[in-house]
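Please build the complex by placing chain B on the supplied structure of chain A, with the hints as guidance.
Which chain is which? The protein sequence lines are A and B, in order. Note that the working numbering has the first sequence beginning at 1, numbered continuously upward. Note that the working numbering has the second sequence beginning at 1, numbered continuously upward.
Hints listed in this document are in silico derivations from the structure and should not be mistaken for laboratory results. Take these hints with a grain of salt, some might be off.
What the hints assert, rightly or not - Calculated cross-link-like contacts (lysine to aspartate or glutamate; reagent style EDC-like; alpha-carbon spacing at most 20 angstroms):
#	chain 1	residue 1	chain 2	residue 2
1	A	LYS17	A	ASP63
2	B	LYS42	B	GLU56
3	A	LYS15	A	GLU85
4	B	LYS2	A	GLU20
5	B	LYS45	B	ASP57
6	A	LYS57	A	GLU14
7	B	LYS79	B	GLU15
8	A	LYS11	A	ASP24
9	A	LYS15	A	ASP63
10	A	LYS57	A	GLU44
11	A	LYS57	A	GLU68
12	B	LYS42	A	GLU44
13	B	LYS45	A	ASP63
14	B	LYS45	B	ASP82
15	B	LYS79	B	GLU56
16	B	LYS45	A	GLU44
17	B	LYS45	A	GLU103
18	B	LYS42	A	ASP24
Keep in mind the model is a prediction, meaning the values are calculated, not measured.
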Amino acid sequence: GAGVSQSPSNKVTEKGKDVELRCDPISGHTALYWYRQSLGQGLEFLIYFQGNSAPDKSGLPSDRFSAERTGGSVSTLTIQRTQQEDSAVYLCASSFSLTREQETQYFGPGTRLLVL
Amino acid sequence: RKEVEQDPGPFNVPEGATVAFNCTYSNSASQSFFWYRQDCRKEPKLLMSVYSSGNEDGRFTAQLNRASQYISLLIRDSKLSDSATYLCVVRQAGRRALTFGSGTRLQVQP
Chain A
1 GAGVSQSPSN KVTEKGKDVE LRCDPISGHT ALYWYRQSLG QGLEFLIYFQ GNSAPDKSGL
61 PSDRFSAERT GGSVSTLTIQ RTQQEDSAVY LCASSFSLTR EQETQYFGPG TRLLVL
Chain B
1 RKEVEQDPGP FNVPEGATVA FNCTYSNSAS QSFFWYRQDC RKEPKLLMSV YSSGNEDGRF
61 TAQLNRASQY ISLLIRDSKL SDSATYLCVV RQAGRRALTF GSGTRLQVQP
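Chain A with its partners taken away, still in its complex shape (with noise of 0.2 angstroms):
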């Protein structure tokens, strides 16, 4: 079946501007999360969502991140305001499971974003 799809797969945009990042997830899946990995880093962790549950944001590195998701699927990241730093692969994960431990987290392929 597809897996997790991410759009756009790559953008480039100037300091200060707006970006959006979308990420569809697995149909069924009711965990979604959004990581980023900038050159050379570990993935690090940003916005967590389960179901209809109250999101864990503990990951949002500013005030400038936030995120929604939409119906219990689609979701969409928006940074404002860009800056150089912002530079990352910004990966989407979705998993379904009965309990924490069983958890498999699948990833999309990620939003290569550049800012100039």
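Chain B alone, transformed into the frame defined by chain A:
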């Protein structure tokens, strides 16, 4: 100090070699452990979960030492297709988010 530390490598090994990667984690509340594989400019994919008793999947063996907060991955009979970055990943108790190491790069040479 990073929560999950790995030797970045690269590890350059010939085909057929056995190679081992180590990883240490700093948070004793870590509860679940994984190895992910990431090919160049691709997304991470789960290689295997790591269980307390140790586990094996074909040529891959993972070990966990909770007392030392140490995880290992052993690859036997390396193939060219094993060339990738191997990410050590932990999840803390009570959290869903994963914490990733920066990865260890493996290059298997003919």
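*Would you pick out the hints that fail for this structure and give their numbers low to high?*
As far as the earlier hints go, 2, 4, 6 and 13 are violated by this structure, in ascending order.
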